Amino acid sequence: MQQNSIAKLGNIGIYVVNDLGRMGLYLLQAIQGCFRRPFRFAEFLHQMHFIGVGSLVVIFFTAASTGMVLGLQGYYSLHKFGAEGWLGSAVSLTLIMELGPVLTALMVAGRAGSAMCAELGIMRISEQIDALDCMAVDPFRYLISPKFLAALISVPLLTAVFDVVGIAGGYVAGVKLMGVNPGSYYEGMRSSVTNHDIWLGLVKSFVFGLLVVWICTGRGYFVHQIRGAGFGAQSVSRVTTQAVVLSSISVLIFDYLLTAVLI
Amino acid sequence: MNDIAIEFKNVEKSFVREDGHRQVILDKVNFTIPTSKTTVIAGGSGQGKSVTLKLVLGLMQVDAGQIFVAGKESSRMRGRELEELRTRFGVLFQGAALFDSLTVFENVALPLRERTKKTEKEIRDQVLSTLDQLELLGHEEKFPAQLSGGMKKRAGLARALQLKPEIMLFDEPTTGLDPVMTQEIYHLFARTQKQLGYTSIIVSHDIPKVFNLADQVIVLYNGGMDIFPSPEAIQWSQKPHIKEFVKTTMGEIYQSHLVEK
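Heads up: the sequence lines are chains A and B, in that order. The first sequence begins at 1 in my numbering and counts up one residue at a time. The second sequence begins at 1 in my numbering and counts up one residue at a time.
Since the hints were made in silico from the structure, they are not lab data. None of these values were measured; they are calculated from a predicted model. You may find that some hints are simply not true.
[Said to hold, decoys possible] Cβ-to-Cβ under 8 Å is the rule here; a few derived chain A residues that face chain B:
hint, residue
1, Gly-110
2, Ser-126
3, Glu-127
4, Gln-128
5, Asp-130
6, Ala-131
7, Asp-133
8, Cys-134
9, Met-135
10, Val-137
[What the hints assert, rightly or not] Some chain B residues near chain A, calculated using beta-carbon distances under 8 Å:
hint, residue
11, Leu-57
12, Leu-59
13, Glu-83
14, Thr-87
15, Val-91
16, Phe-93
17, Glu-114
18, Arg-115
19, Lys-118
Quick reminder that beta carbons are idealized off the backbone N, C-alpha and C, glycines included.
Could you put together the complete structure from these sequences and hints?
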């Protein structure tokens, strides 16, 4: 019995090491694929449209509501100390350094990441990826690398949109609704946000974009090799859920790590 | 030209199941596939038919042993070398494996666009000519979801033939087709093989119909295999598992003259 449990534990250990190795090699091949010719520019633009333009609405609403809530909450807290003038600084720093990159990555994971995972998963179980291999067409260059490049460019851009809309939302709630002085809102933001803060947000959004596209496409690509996922349509649905959860958790963990290292 | 298209030498392949048990699929398997002939690989479910195809294509690696394609060892090939080798193959997958988001024309044109330097006009001419041969002209702008089972197989065959393969692999080509369509697909295989002269490997459990095409039959059974120079030879085998296989797959049509009166 005890021997059996140890064997099971060993099996799980081997699977985890295998899986990490597989995903590591996958990342390398996807990056290599970005430099292989011929480059699929039309597919890259298509993915930019899907990940970037397609996520604008959800990013806009999330940013507006987050910014407005921050404006209201910030006003409520700062008002107690008579420091409403710092509202612009609090809202903008929170958005640029933390909430902008994190919430953008979570939204992209939920909207585009899940779709990319399911698409590749279905292509895998219906042997479309095998068919590419058999035609000697590199699936990384053909399918995956355009998604990587598009995500690496789109996520930082979407984060920038999130920051601007969020700050505007904070302005509406703090200045227009609660009556904070518009000049002090703007000046608070201008004086406290440094280039380093913007750079930190940019680095985070780039890393989060990489995590989301890596985990979501990688899980879909290896849908047939994932332990306990089952087979067919069920495996795709389970792995898609797993990919979104895993990429969201990775974003949160890396958020802390990057803040600790770069701040 | 080499008389042997593909050779398996002591090939072993097994899988570790989720509960940790090892399942042996191929156990020191040896066989050769002659050039320009049709070999049918038969056997029950889970006996390693599709695994054999994937090993030939390099989509899976052997645990031990060697596979030779046209005299070159393919089982250790990687990267560019493997890519080059795969250009010799054409594959028709069980579900045709057409790209859902591309039209029939784009699907068939894909290998030409990706692997050759042909102009768009040359590609268009070649694709339309193949579609014409396979009676798919007029359907080139349809998506795979709008095609019937038989049309999907024909479109898959059209795509597989674009790079003029030396070896065609068919994975369960008639699964899900009605008997009339099955017969049509077999006629099509025979016709295209006659025209192009490729070596054909058909993995199928559509027995005995698929035997009409076969020059040689390989039966996989419990990790081992038996090779028969003709479909008729299977019926005279005295091995108990082959007798059982013949009885369960061929039924009364082939069994009638074996039964003692």
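- Hints the structure violates: just list their numbers, smallest first. Hints 1 and 19 are the ones this structure does not satisfy, whereas the remaining hints hold.
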